[in-house]
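*Asks:* Sequence:
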Amino acid sequence: MYWHYFYIFSNMLYKKIFPFGNFTVDTSDFEGQIVPFYYHVYDFLHGRKSLFFDWYTGLGSNMAGLVSHYGFLSPFNLLFLFIKREQIETFMTLFIAIKLVFIGLSMLFFLNKCFSRIPSGWKVILCLLYVFNGFTMQYFIFPMWLDIVFIFPLLNYFLFILLTNDKISIGYIISLSYVLLISIMQSYMVIIYIVLLTGIYLFIFYRKNIEHIKSVICKLFFCTVTSLCCTGIIILPGAIHILSSYRMNNNTSIIKILRTVNFSERSKWLMITGIGGPLGVLIYGLKKKEEKKFNYLIILIGFFLSLPIILESTNLFWHMGSYINFPMRFGYMLVFWAVIGGAIGVVNYDFFKTKRKIKSYIIYLLIICIEILMIPFQYWILTDNKGMFWIALCVFIQTFLTYIIFSYFRNKLMTKINYIAVICQLVIIPVALIVPNQGHASHNFIPIGNIVYNYANTQSVNNPLKRIKNIDSSLESNYPYICAIPALSNYIHLVNERQINTVKSLGYAQTFTRLCDAGGTLFSDILMGMDSVIAETDINNSLYEKDKDLGEFKIYNLKNTFKNEGILINNTQRVQLKAHSDNPFINQNEISSCILGTDIFSFVVDRSSLLTNTLAVEGIKELYFYGYTNEKIEVIVNGKKIEIPNFSNLQNTWYPNDLNNGIISLGTFQDCHVKIEIVPQEQNVDVLYTIAALDLNGFKNVEPSYADSFYIETGKSNIFIELKCDQDNMELFLPVYADDGWECTLNGEKIRLQRFDDFFICVPLIKGNNIIKLKYTPPGMRIGIILTIVGLIFLESIVSRGQQKNKYILNLLFILFVILFLFIILLFYILALAVLLLSII
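Last residue of the sequence shown: 841 (our numbering), numbering continuous.
Hints were generated in silico from the structure; no laboratory data involved.
Distance condition first, Cα-Cα at most 20 Å in a straight line; then the derived PhoX-like pairs of lysine-lysine:
id, residue 1, residue 2
1, Lys548, Lys559
2, Lys546, Lys466
3, Lys466, Lys548
4, Lys700, Lys563
5, Lys773, Lys716
6, Lys724, Lys563
7, Lys292, Lys208
8, Lys208, Lys293
9, Lys724, Lys750
10, Lys504, Lys632
11, Lys775, Lys750
12, Lys466, Lys563
13, Lys559, Lys466
14, Lys578, Lys504
15, Lys113, Lys123
16, Lys700, Lys559
17, Lys167, Lys807
18, Lys641, Lys675
19, Lys767, Lys750
20, Lys208, Lys807
21, Lys773, Lys724
22, Lys546, Lys559
23, Lys167, Lys113
24, Lys724, Lys767
25, Lys466, Lys716
26, Lys640, Lys675
27, Lys750, Lys773
28, Lys775, Lys716
29, Lys466, Lys554
Keep in mind it's a predicted model, so treat the numbers as computed, not measured.
All chains should be built: construct the whole structure from the sequences, respecting the hints.
*Replies:* Take a look at the structure:
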């Protein structure tokens with residue numbers, strides 16, 4: 001495995017990646033999502049947080065889906081016990097390197113068990129190919145997928161044992177359980193793969209032994225069900241969370257999937273990068289008739305795994321109907337079978353010395369020279385974003401050259417020279433595809449998050465209902481995980497439609513599945529406890545006062561605020577709340593009428609399309625703007641452009657943008673005239689907007705009704721409250737998202753929670769003393785625990801007594817398996833291919 005370390009650390013040195021430079025490997029979603037999620041895992045491992053619940057984002061977030069989707073239970077995550085919290089980002093380089101080494105060891109285990117006669121040189125090459133290929137070097141930014149790549153050779157080894165021997169494979173159960181614990185999405189793909197491989201393998205090798213086939217299918221079924229049950233405590237609440245999220249509401253039909261065409265997606269074609277060598281060896285090995293069954297198996301499996309490169313509809317079916325940005329998430333399976341094909345070819349390779357004429361050596365040297373020239377050629381293809389033609393051409397040349405060498409130059413010395421040429425070509429893959437994160441100089445929210453975390457630890461306040469707001473969108477949406485300070489901002493991809501609709505209705509920025517801090521008003525900020533602000537830009541606003549400078553960022557506090565703890569509302573008023581309007585000021589007036597007893601926003605300009613307005617302001621008022629269309633505009637107030645900052649451009653003046661498309665503040669004005677100009681980016685477009693005013697003097701004179709003797713204490717996933725209420729029909733308002741997992745007892749009796757504005761928690765109260773206990777348990781967790789207990793009992797039964805065979809069960813499972821296998825072949829491949837051919841014709 002020294003080769004793996006050499007590859008990894010030489011590439012880090014060349015790219016100036018930590019510890020050989022200041023760059024890191026966390027680009028794209030790796031930086032914006034995965035690293036922040038590892039802060040959550042770190043805090044859990046160090047006893048600071050619950051694994052399944054998070055106070056820091058979205059006003060309280062269910063994390064069960066993330067546990068099941070982002071590999072929170074990976075044993076590699078235990079490495080976080082041995083580093084400091086602020087080292088997580090720089091540790092990612094070593095973290096990925098360790099996973100890649102274990103991937104190589106796993107592949108080496110498989111080769112040693114199944115192809116022990118392979119020369120050590122080819123074992124090195126095949127292991128390196130499985131470690132450094134188009135899949136791992138594109139998708140290392142999702143480290144949980146590397147766990148699946150690691151366990152996949154072990155899963156296949158134990159699956160082959162199950163398919164060939166009449167024994168229950170505990171190794172298969174453990175390997176599949178590992179996959180299920182790491183990623184639900186990958187589990188679906190792996191199970192599809194298991195069905196395909198089992199059907200093809202049994203047909204090729206045992207089609208004349210139907211009893212063996214029935215027995216194997218029965219074993220496979222019970223072992224798979226045992227794995228599913230044993231991991232039920234994780235996958236059931238995770239699946240419920242994922243399936244209920246806004247991201248899954250894509251309404252994609254089978255017809256629409258079948259009609260989808262995408263030949264040239266570069267990410268898919270990159271999956272075959274590097275497999276030319278093993279493919280050439282495989283083609284050489286096809287000449288050996290004694291291995292024809294294995295050859296058929298490899299050809300068929302390779303066909304089914306590579307067809308999604310061309311058939312986008314098949315690729316979509318492998319992804320449960322849809323995906324975003326990252327296709328062929330099962331590409332490691334294709335690489336694995338390319339390695340197996342190469343291994344079979346090498347096993348059939350006959351080394352013998354023969355005398356060759358000088359002409360033959362000249363031809364061989366010419367081939368080697370071409371292989372050497374392939375190194376810069378491949379580097380050019382990978383770094384210059386060349387498409388499918390060039391990638392396919394490169395693989396074809398590699399395949400052809402390897403085949404020629406194996407077929408006509410059977411000499412150990414020449415083969416060793418070929419080793420070096422192939423290894424050099426493999427080196428290019430990580431060098432070309434790993435692009436370090438070089439954007440830290442201006443906007444690295446992780447280091448500033450660490451600074452804020454250290455600052456927050458010096459404060460005595462530890463209240464998850466007191467939140468911070470990144471008012472200028474200068475930080476990525478998952479910054480609360482790093483800062484360990486609660487906020488509205490959230491980018492876990494698993495928020496549901498109710499969360500998104502309510503946040504938008506209050507005028508906060510929202511993009512796809514991302515909740516943003518930007519937007520809202522003074523009232524809505526106070527209501528949700530956002531009485532502190534972090535910003536990189538200077539905030540010239542009379543509402544805030546600076547608290548502290550933290551490097552390039554500043555902390556501000558609201559000057560005037562009412563308490564958001566212990567607020568009482570009348571349940572009749574809550575029930576009478578109107579449905580959301582597309583005007584966020586109307587929605588906020590509805591809430592303020594219920595909580596403060598009055599409407600607090602007046603409409604200066606309502607649904608106007610005028611490009612110029614001159615407003616007369618009496619008293620002290622905060623003016624807010626909200627646009628209804630997606631047409632880009634600039635807002636000019638008294639001759640000055642209003643900045644609409646976002647993560648990539650803090651001086652942006654165009655509205656709306658992805659991270660700032662809600663309500664924007666125009667400023668505080670007193671007894672003056674205000675000229676507001678709207679400048680569209682395009683001419684002759686319709687612009688529709690509302691301008692509302694908040695009377696700051698009037699706002700100071702209103703406050704909610706509060707409970708007496710109010711006391712609150714929060715735990716990792718629970719809330720304890722004591723209070724006195726002197727009225728009937730009252731409810732306690734809590735600025736916490738009313739997820740279905742919350743359960744409540746009042747004075748020891750279980751009660752049903754209510755939702756305020758379909759978002760916040762409301763606790764029904766009784767007149768007098770109220771002791772309230774709220775506990776969060778992810779939906780499905782209790783049933784999952786029962787399934788896990790049943791699975792463990794079932795596993796113990798299998799181990800101690802073995803599987804009891806029943807003729808009826810054997811026949812039923814056989815029929816069901818055949819139906820499932822044919823359904824996958826028909827839907828994923830035959831229909832997809834037929835629709836494509838018809839569209840071409």
